Amino acid sequence: MNRMTFRLALRNLGRNLNRNLATGFAVSFGFIAIIVSASYNSRIEYLVRQASIYGSRLGHITITPPGGFKNSLVDPASYSIDRDQQIKIEAAISSVKNLDFYAPYLVGTGLVGNGCASYPYVLNAYPSDYLHRVRNTEGYRKFEADSKVWVKGQELSEVPPQLNGVAIADGLSRILKKNKMHLETFTTSNKPASLDCTPGNTEDSLSADSNLQLAGLDWQGEFTAGDAEIVSIYKGYTIDKNDSEIIAPLDLAQKLYNTDRINGYTVYLKDVDPLRLTNIVKELKEKLSSAGVSVDVFSWDDESINHIYRQVTDMMGGWFLVIGLVVFGIVALSISNSATITVMERSQEIGMLRSMGYSQSRIRELFLTENLLLTVVAMLCGAVLAAIVIRIHNQFFIPVNLPATTTPVNFKMQPAAVDLIVAALFAVFMSIFATTVAVWSFSRQNIVSLLYKVRS
Amino acid sequence: MPLALKNLNQNLEPNRSSLITLTDICKSYQLGQTKVHALRNINLTIEAGEFTCIVGASGSGKTTLLNIIGCIDRADSGTYSIDSVDVHSLDEDQKSSLRNTKIGFIFQTFNLVPVLSVYENIELPLLINPGISRQERDALIMSSLEDVGLQDKRNNRPDQLSGGQRQRVAIARALAGNPALVLADEPTANLDSLNSHKIIDTMLELNQKRRITFIFSTHDDKLMSRTTRKVVIKDGVVAL
Numbered sequence: 001m002n003r004m005t006f007r008l009a010l011r012n013l014g015r016n017l018n019r020n021l022a023t024g025f026a027v028s029f030g031f032i033a034i035i036v037s038a039s040y041n042s043r044i045e046y047l048v049r050q051a052s053i054y055g056s057r058l059g060h061i062t063i064t065p066p067g068g069f070k071n072s073l074v075d076p077a078s079y080s081i082d083r084d085q086q087i088k089i090e091a092a093i094s095s096v097k098n099l100d101f102y103a104p105y106l107v108g109t110g111l112v113g114n115g116c117a118s119y120p121y122v123l124n125a126y127p128s129d130y131l132h133r134v135r136n137t138e139g140y141r142k143f144e145a146d147s148k149v150w151v152k153g154q155e156l157s158e159v160p161p162q163l164n165g166v167a168i169a170d171g172l173s174r175i176l177k178k179n180k181m182h183l184e185t186f187t188t189s190n191k192p193a194s195l196d197c198t199p200g201n202t203e204d205s206l207s208a209d210s211n212l213q214l215a216g217l218d219w220q221g222e223f224t225a226g227d228a229e230i231v232s233i234y235k236g237y238t239i240d241k242n243d244s245e246i247i248a249p250l251d252l253a254q255k256l257y258n259t260d261r262i263n264g265y266t267v268y269l270k271d272v273d274p275l276r277l278t279n280i281v282k283e284l285k286e287k288l289s290s291a292g293v294s295v296d297v298f299s300w301d302d303e304s305i306n307h308i309y310r311q312v313t314d315m316m317g318g319w320f321l322v323i324g325l326v327v328f329g330i331v332a333l334s335i336s337n338s339a340t341i342t343v344m345e346r347s348q349e350i351g352m353l354r355s356m357g358y359s360q361s362r363i364r365e366l367f368l369t370e371n372l373l374l375t376v377v378a379m380l381c382g383a384v385l386a387a388i389v390i391r392i393h394n395q396f397f398i399p400v401n402l403p404a405t406t407t408p409v410n411f412k413m414q415p416a417a418v419d420l421i422v423a424a425l426f427a428v429f430m431s432i433f434a435t436t437v438a439v440w441s442f443s444r445q446n447i448v449s450l451l452y453k454v455r456s
Numbered sequence: 001m002p003l004a005l006k007n008l009n010q011n012l013e014p015n016r017s018s019l020i021t022l023t024d025i026c027k028s029y030q031l032g033q034t035k036v037h038a039l040r041n042i043n044l045t046i047e048a049g050e051f052t053c054i055v056g057a058s059g060s061g062k063t064t065l066l067n068i069i070g071c072i073d074r075a076d077s078g079t080y081s082i083d084s085v086d087v088h089s090l091d092e093d094q095k096s097s098l099r100n101t102k103i104g105f106i107f108q109t110f111n112l113v114p115v116l117s118v119y120e121n122i123e124l125p126l127l128i129n130p131g132i133s134r135q136e137r138d139a140l141i142m143s144s145l146e147d148v149g150l151q152d153k154r155n156n157r158p159d160q161l162s163g164g165q166r167q168r169v170a171i172a173r174a175l176a177g178n179p180a181l182v183l184a185d186e187p188t189a190n191l192d193s194l195n196s197h198k199i200i201d202t203m204l205e206l207n208q209k210r211r212i213t214f215i216f217s218t219h220d221d222k223l224m225s226r227t228t229r230k231v232v233i234k235d236g237v238v239a240l
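These protein sequence lines map, in sequence, to chains A and B.
Quick note on numbering: this note's numbering labels position 355 of the first sequence as 355, and the sequence is numbered without any gaps.
Quick note on numbering: this note's numbering labels position 99 of the second sequence as 99, and the sequence is numbered without any gaps.
In case anyone wonders, no lab produced these hints; they're calculated from the structure.
Mixed in with the good hints, there may be bad ones.
What the simulated footprint calls covered on chain A by chain B, stretch by stretch (three residues with Cβ under 8 angstroms from a Cβ of chain B suffice, anywhere in the stretch; the number is not a length) [unchecked claim]:
hint	stretch
1	12-23
2	354-365
3	440-448
Some chain A residues well away from chain B (every beta-carbon gap over 10 angstroms; in silico) [to be verified]:
hint	residue
4	287
5	317
6	351
No experiment lies behind these values; they were computed from the predicted model shown.
Ideal Cβ positions, reconstructed from N, Cα and C, are used throughout, including at glycine.
Starting from the given sequences, assemble the full structure and let the hints guide the process.
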């Protein structure tokens with residue numbers, strides 16, 4: 001493309017201003033629609049990702065005994081890791097590049113009582129500083145800022161072990177009518193002398209203290225029970241966890257279930273792209289295998305441990321594809337229509353240029369330059385307008401509840417560079433294709449027919 | 001550059017005897033169910049440097065003949081050569097190159113690009129000639145503008161010019177690349193009498209000054225009288 005082709009293309013754009021503006025608007029709005037759709041798509045992917053890694057505390061990598069992720073809650077003893085294996089696994093994890101921190105975990109079930117009634121619980125136990133470390137990751141802070149997740153009270157690591165402090169999900173605390181934490185009840189002076197379980201009188205009585213009774217079967221199948229003190233209440237991210245979860249220090253849980261085993265590890269990484277963990281997981285698997293440890297190693301987005309992420313992203317990807325195809329179809333038709341009319345109107349000019357020695361390919365180049373210029377300018381305008389729309393939209397907290405979650409998340413638009421590049425390349429391709437289709441037959445037409453506007 | 005064109009360039013020199021040779025050229029069109037014979041066995045030779053006028057009534061075949069000479073249309077049969085190079089043996093790109101370097105066109109409706117200035121319109125055919133540098137291009141454009149007396153209009157757009165001025169721009173564009181042959185299809189048809197004579201004067205002057213072969217069609221008797229050679233076409237046949 002020489003200087004004159006570009007200049008001619010630029011000036012020709014002003015020649016049929018209304019038509020080119022209409023085409024330009026179609027391209028611009030199409031591009032805005034793509035950017036906005038892609039931004040919502042990216043946002044949902046991001047939120048589900050953050051919720052998985054930080055909200056559900058899957059970490060970037062999860063290690064379990066074979067089959068343990070699905071079965072350990074039902075039969076924790078059979079899907080557990082002994083001390084020898086723990087040492088080998090921790091050695092392998094410690095050698096992972098980009099390691100931030102890791103934590104062993106133990107799961108358990110049983111009944112939790114408030115003194116008057118008992119309810120089932122699911123217990124997740126970690127080292128006492130684990131929650132504090134998770135909440136101090138950049139990823140969690142971002143997730144917290146984007147959602148209505150909250151935590152009240154003390155960190156488990158802040159309270160003395162002999163207090164048997166636990167964190168309890170907000171939903172379960174309401175079921176148990178235990179809405180006060182240790183620090184609040186500790187300073188209460190009007191603590192009733194005895195518990196009154198008479199219907200209608202339980203509210204004040206139960207909430208007066210923060211004591212819980214945990215009961216269940218230990219890993220040897222014997223009955224076990226113990227007291228625990230609510231030191232923290234948090235909003236569980238998913239409905240099932242919010243209504244049933246208790247987070248306890250690992251020591252407390254191991255004492256309760258009479259074991260020194262654990263059910264798995266969560267591993268958090270830093271400075272990595274969470275969507276590109278395949279190699280890290282593969283290396284870790286190889287290290288564990290060579291250390292003689294037979295375990296499952298999952299990245300957080302592995303379908304076998306996080307099918308919700310896969311289902312949501314697949315569904316959103318499908319919608320985005322449909323929207324994208326419709327938008328690009330409209331844009332392509334607009335460009336093709338505009339190019340066809342323009343070429344028809346300028347058939348005499350094409351004939352004149354051909355008579356001067358312009359080849360068919362040069363004529364096509366001329367019209368392609370015009371439409372590419374129009375497409376690029378319109379895309380730039382679309383990108384600027386989309387940036388403004390996104391900026392205004394993101395000023396507000398727009399609460400949206402994702403499926404099966406308790407807390408609304410801020411439904412911002414989050415444009416991803418890769419989506420924009422793909423959309424721009426696709427628009428350019430459509431422009432070239434639509435223009436070529438429109439111009440092809442005219443550029444090949446007999447020069448006399450073009451000059452005298454007679455179809456040969 | 002294709003071999004055939006290279007030979008053509010080497011051989012096309014002013015005042016060389018026959019520039020155009022048409023032998024038994026036939027051309028017909030299909031108009032609905034009717035076959036119209038536009039040209040029937042045309043035999044014509046035009047010498048380099050001639051100022052030839054093709055005359056004839058409307059529909060006599062003047063334009064078809066000019067189109068075939070200008071390599072923008074193809075004869076059904078017969079042979080056509082420019083300086084011994086058989087035009088029928090050239091492919092589309094070779095013909096494009098031939099038109100660009102050796103033939104200039106002047107149209108009845110001027111056919112200037114409205115969004116370009118006078119200078120840029122004249123520049124159009126020169127831009128695709130790789131043998132012309134930017135400086136040479138500028139010199140050629142200015143020389144052509146000077147020849148048609150429009151130096152002061154170089155930055156004007158076509159819509160800022162009169163009909164006569166526009167046709168002079170078209171002439172300047174046709175001449176800019178120093179072609180061996182300039183073809184003009186009724187160049188004065190859209191002009192008044194005064195401007196028609198001025199255009200013919202300009203063409204004659206350039207024919208003499210640059211020794212460029214001019215072939216133009218007209219049915220204006222006053223203009224015919226000023227040519228050195230007149231070819232009369234009647235019903236697709238050279239009558240005189």
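Structure-based check of all given hints:
{"no.": "1", "hint": "12-23", "verdict": "holds (count 3)"}
{"no.": "2", "hint": "354-365", "verdict": "holds (count 8)"}
{"no.": "3", "hint": "440-448", "verdict": "holds (count 3)"}
{"no.": "4", "hint": "287", "verdict": "holds, 63 angstroms"}
{"no.": "5", "hint": "317", "verdict": "holds, 44 angstroms"}
{"no.": "6", "hint": "351", "verdict": "violated, 8 angstroms"}
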